[in-house]
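Engineer: Chain by chain, the residues run as shown.
2 protein chains.
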Amino acid sequence: MATSSVDSDVTRIMLGVNESSIKGYPHASISSKSAFEWTINKIIRSNTTGFKLLFLHVQIPDEDAFDEVDSIYASPEDFRDASRKDKIRASHLLEYFVKRSHEIGVACEAWIKKGDPKEVICLEIKRVQPDLLVLGNRGLGPFQRVFVGTVSEFCVKHCECPVVTIKRSADETPQDPVDD
Amino acid sequence: MATSSVDSDVTRIMLGVNESSIKGYPHASISSKSAFEWTINKIIRSNTTGFKLLFLHVQIPDEDAFDEVDSIYASPEDFRDASRKDKIRASHLLEYFVKRSHEIGVACEAWIKKGDPKEVICLEIKRVQPDLLVLGNRGLGPFQRVFVGTVSEFCVKHCECPVVTIKRSADETPQDPVDD
Numbered sequence: 001m002a003t004s005s006v007d008s009d010v011t012r013i014m015l016g017v018n019e020s021s022i023k024g025y026p027h028a029s030i031s032s033k034s035a036f037e038w039t040i041n042k043i044i045r046s047n048t049t050g051f052k053l054l055f056l057h058v059q060i061p062d063e064d065a066f067d068e069v070d071s072i073y074a075s076p077e078d079f080r081d082a083s084r085k086d087k088i089r090a091s092h093l094l095e096y097f098v099k100r101s102h103e104i105g106v107a108c109e110a111w112i113k114k115g116d117p118k119e120v121i122c123l124e125i126k127r128v129q130p131d132l133l134v135l136g137n138r139g140l141g142p143f144q145r146v147f148v149g150t151v152s153e154f155c156v157k158h159c160e161c162p163v164v165t166i167k168r169s170a171d172e173t174p175q176d177p178v179d180d
Numbered sequence: 001m002a003t004s005s006v007d008s009d010v011t012r013i014m015l016g017v018n019e020s021s022i023k024g025y026p027h028a029s030i031s032s033k034s035a036f037e038w039t040i041n042k043i044i045r046s047n048t049t050g051f052k053l054l055f056l057h058v059q060i061p062d063e064d065a066f067d068e069v070d071s072i073y074a075s076p077e078d079f080r081d082a083s084r085k086d087k088i089r090a091s092h093l094l095e096y097f098v099k100r101s102h103e104i105g106v107a108c109e110a111w112i113k114k115g116d117p118k119e120v121i122c123l124e125i126k127r128v129q130p131d132l133l134v135l136g137n138r139g140l141g142p143f144q145r146v147f148v149g150t151v152s153e154f155c156v157k158h159c160e161c162p163v164v165t166i167k168r169s170a171d172e173t174p175q176d177p178v179d180d
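Taken in sequence, the protein lines are chains A and B. Counted the way my numbering counts, the first sequence spans residues 1 to 180. Counted the way my numbering counts, the second sequence spans residues 1 to 180.
Bound conformation, chain A alone (with noise of 0.2 Å):
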């Protein structure tokens, strides 16, 4: 016996995703991996029908900047191409999870947007409104945050929506914890 509004509409699932830092192109963060496969081991489970996961790739603007340093700019062409090429890296970044969750079964959504991340996903909640968002967190010390920062952290007080955050596990953790 279920309450009349379960399953009158599926629960739709955001998921901030991004690049790893450390396993070139253009390979998930460890981060972002562990916190998909949390939502669907833990929380999806078998019901694929009852969820929708919705991918957010934000991408900060100077990201790529070094990947462009043996480039030549002549032309404003030239800076068309680069964004271009920003694209196709955010694109394939999705198509790893768009992938994934066909291979599971589970509807989805991905989407690209360039700005400040934690601003762009609260943005975003507040626009597509969903029931949970979950993400990724290198689950670094207090020390070694105060260098990074954590989106996550400012998500969980001001987004509009529920926000939980999976920390990597200790034996995901690569040699210096602020990669992932």
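Treat the hints as calculated values from the structure; they're not laboratory data. Take the hints with a grain of salt, since some may be wrong.
Partial selection, computed: residues in chain A whose CB lies under 10 Å from chain B [unchecked claim]: (1) N47; (2) F97; (3) E160.
Because the structure is a prediction, the values reported are computed rather than measured. Don't be surprised by glycine CBs; every beta carbon is placed ideally from N, CA and C.
Using the hints provided, position chain B relative to the given structure of chain A.
Structural biologist: Only chain B this time, still in chain A's reference frame:
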């Protein structure tokens, strides 16, 4: 197609629940009920066999002191009696959630601890190792929070499992938002 770990075991969700400060004996607080209903409607949905709910109520040792202002303590037995009354109150609170869970058809366990709720919840998380902790929250602004503190903020930072905080909806907020 699910991954091999899906449905290998149930997802264990702990809910920290407390009494209402306005509705009198033995009502659950508005935010505890919100957290419970959210868990049922948005997470468990129709998959009642995939989850187990763990209800924890932490009694603050002096919480009910005001109920005892007309009592006369003349012997050690009187104190034992007061402690017994506390236990009855707490078990009536838990009865509400256990009854609702049984109606819905989801397995559950419930127990009572004494102490500082935020610390006891973190200790119980360590002991019981649930997959998720769901806590209700009054949704107070920063000014109101200074005076009442919030258990959920502490648990988000210190508990060794993912934590999600469910805010009361605006239309459920009582006249004095510190009440619950």
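Engineer: Against chain B, with CB atoms and a cut of 10 Å, does the hint on A/E160 hold up?
Structural biologist: holds (9 Å)
Engineer: Restraint: A/F97 near chain B, CB-CB cut 10 Å. Satisfied or not?
Structural biologist: For A/F97, the interface hint is violated, since the closest Cβ of chain B sits about 14 Å away, which is over 10 Å.
Engineer: Measuring from the C-beta of A/N47 to each C-beta in chain B, is the shortest one below 10 Å?
Structural biologist: Status holds, d = 4 Å.
Of the numbered hints stated above, the single one contradicted by the structure is hint 2.
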